[in-house]
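2 protein chains.
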Amino acid sequence: MNALKNDLLLKALKGETLSRPPVWMMRQAGRYLPDYIKLREKYDFFTRVETPELACEITLQPVDQVGVDAAIIFSDILVIPQAMGLEVTLEEGKGPLLPRVVKNEADVQALVTDNIEERLHYVMKALAMTKRELNGRVPLIGFAGAPWTLLCYMVEGKGSKTFDKAKQFCFTQPELAHTLLQKITDATIAYLKAQIKAGADLVQVFDSWSGMLSPADFQLFAQPYLTQIADAVNEDAPVILFPKGSWYALADLSHTSAAGLGLDWSVTPELARQLTGNRITLQGNFDPARLLSPIPQIKKDVHEMITRFGSNRYIANLGHGILPNIPVDHARAFVDAVKEYEG
Amino acid sequence: MNALKNDLLLKALKGETLSRPPVWMMRQAGRYLPDYIKLREKYDFFTRVETPELACEITLQPVDQVGVDAAIIFSDILVIPQAMGLEVTLEEGKGPLLPRVVKNEADVQALVTDNIEERLHYVMKALAMTKRELNGRVPLIGFAGAPWTLLCYMVEGKGSKTFDKAKQFCFTQPELAHTLLQKITDATIAYLKAQIKAGADLVQVFDSWSGMLSPADFQLFAQPYLTQIADAVNEDAPVILFPKGSWYALADLSHTSAAGLGLDWSVTPELARQLTGNRITLQGNFDPARLLSPIPQIKKDVHEMITRFGSNRYIANLGHGILPNIPVDHARAFVDAVKEYEG
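Those protein sequence lines, which keep their order, are chains U and G.
Start counting at 1 in the first sequence, then tack on 92, and there's your number in the working numbering.
Start counting at 1 in the second sequence, then tack on 92, and there's your number in the working numbering.
Chain U on its own, in the form it takes in the complex:
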């Protein structure tokens, strides 16, 4: 394994003093890049995810073309429900569909949690291949969906504005919900550890729907499982938790063994720092739609964001995935602005 030539991201997670923060973008390997769209026209979604050569090629595109300080493996959070035994289909532009959802105890009992590494061997192959191709240029990020977010899809069967079926499952069958969340957690810990063994230098856990929960329900159905994952995986590599919309949980999560916390744009840098002290590295939180601004405005806003967060214990990123309609030169302006920052 080659030593990393650019290890800014790992240094930021360790709290080392830096002259400028590292930068990457959620969903940087994806739908705003013309070369990705060309591959999308030739191969369907799960072919792209399950073919290591394609996943590797897609993962490298933003490193080569946009100049980010990290690669994040091209994959999907729903590979865990798949590995646990549920069918997942995806209609391009329409989101995922799980034809057979989890409704009762028998459905939960039927889910498997063993041999995750073998079941998702194609992810490990893609990571190993990408690690080799990167040749130490930048760190490689692995990832998984958080247990609450995966429960949402496993119970609801698709995206939702309110995820009220998922909530109903939790509110009316709380014990069964906890059994399900624990099974997802066990599978996820095994999955993230396997990703690190295969080449991931760090991992991020996406709790995309945690903000749907009240603070009290987050403490019941999300936080204990995020904490378990951070505790178990942090032994192997740094863990970033991204509980989208759950600004109310930042203080609590800053006391876990996670190395970083992702932020959406609903929280100011000052409040995020106030809630988390100097205990943890913060990542975010540029409104993805702000990349539709003119380039000089993007650069000005990025510099202001870094000044407000500070260059240390900070990773520049968006507050959610990059939008499909962002011009590539605007994405590049975001990255360049971070690299040009002089604190």
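No wet-lab data here; the hints were simulated from the structure.
Where hints are given, some of them may not hold.
In this list, chains with the same sequence are indistinguishable; a pair is considered to hold if it fits within one copy or across any two.
SDA-like cross-link-like pairs, simulated, lysine to any residue; straight-line CA separation at most 20 Å [said to hold, decoys possible]:
| hint | residue 1 | residue 2 |
| --- | --- | --- |
| 1 | LYS392 | THR264 |
| 2 | LYS257 | PRO419 |
| 3 | LYS250 | GLY187 |
| 4 | LYS250 | ASN417 |
| 5 | LYS289 | GLY228 |
| 6 | LYS186 | LYS253 |
| 7 | LYS253 | LEU415 |
| 8 | LYS257 | ASP421 |
| 9 | LYS392 | ASP309 |
| 10 | LYS391 | SER403 |
| 11 | LYS257 | GLN389 |
| 12 | LYS186 | THR254 |
| 13 | LYS257 | ALA308 |
| 14 | LYS257 | ASP344 |
Given the structure of chain U, go ahead and fit chain G onto it with the hints provided.
Just chain G now, kept in the frame of chain U:
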């Protein structure tokens, strides 16, 4: 005009000492009520909105059947874009559609803001008729959409997960965006004042999409217009502002002339009180999906919510509209729990 027999809601907005808070539910006149669904099968959406007899009947249903402490006129926030000259259609269960959206200066110039009372005479008729039918039983609430939320629909043309077209409009043509927001504000102030003249005892302004904005963008594109509306309308009747998702703005908004602030369930009662001092009445914030819990759990959770907010300067409500799949007896349990509260 009859004096109100139940004026708990107005007393709560004035900060008077109460033994239990008033209770109503956003979207209480609507899709979870079997009698509403019967009318929906006979009359399309805008017929229901534009026929005072139907709007009145629908408005009264939850007062008679669920026992809420206030009626809110059955209408839609998109009547203002309609009155300003845009076509609005609605496909049942699919959300609104504006076939001709606002894109440029000519589109903004073409929007009218005069004679709002005449253009929306059917709302005023519905309010007057409902006021008469209520005969002082409970107060009558009028409402409007907030300027930012209406801009979202006027520019985007329909609902959106990200409203990035609306944001792009604001970020690339900020002066034009402010001209549009000011025109919507002018029309909205006239509209709310006319509603009060027609019989509304108080009004609520729904900023359903304000939480899409960063704190800085909220201060640019939402807050000044909410403040203008509160200042202008509060002279005539109490105003409740509901900036959904914008917990970050609670402190600032507590210093406006609004009488109340609506809260979604992402904020704890304690933090909301801390941010707003004792300057303003708070309303909310039960997770609408929590009404899917068993009835004893609903009652327990409601009592806990009231204890945490306190009975004074507080209006029990949901944190967003009631969901279509809530059993009527669960809605009634919510209301009963508030009435049974003993502090």
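Need the list of violated hint numbers for this structure, in ascending order. 14
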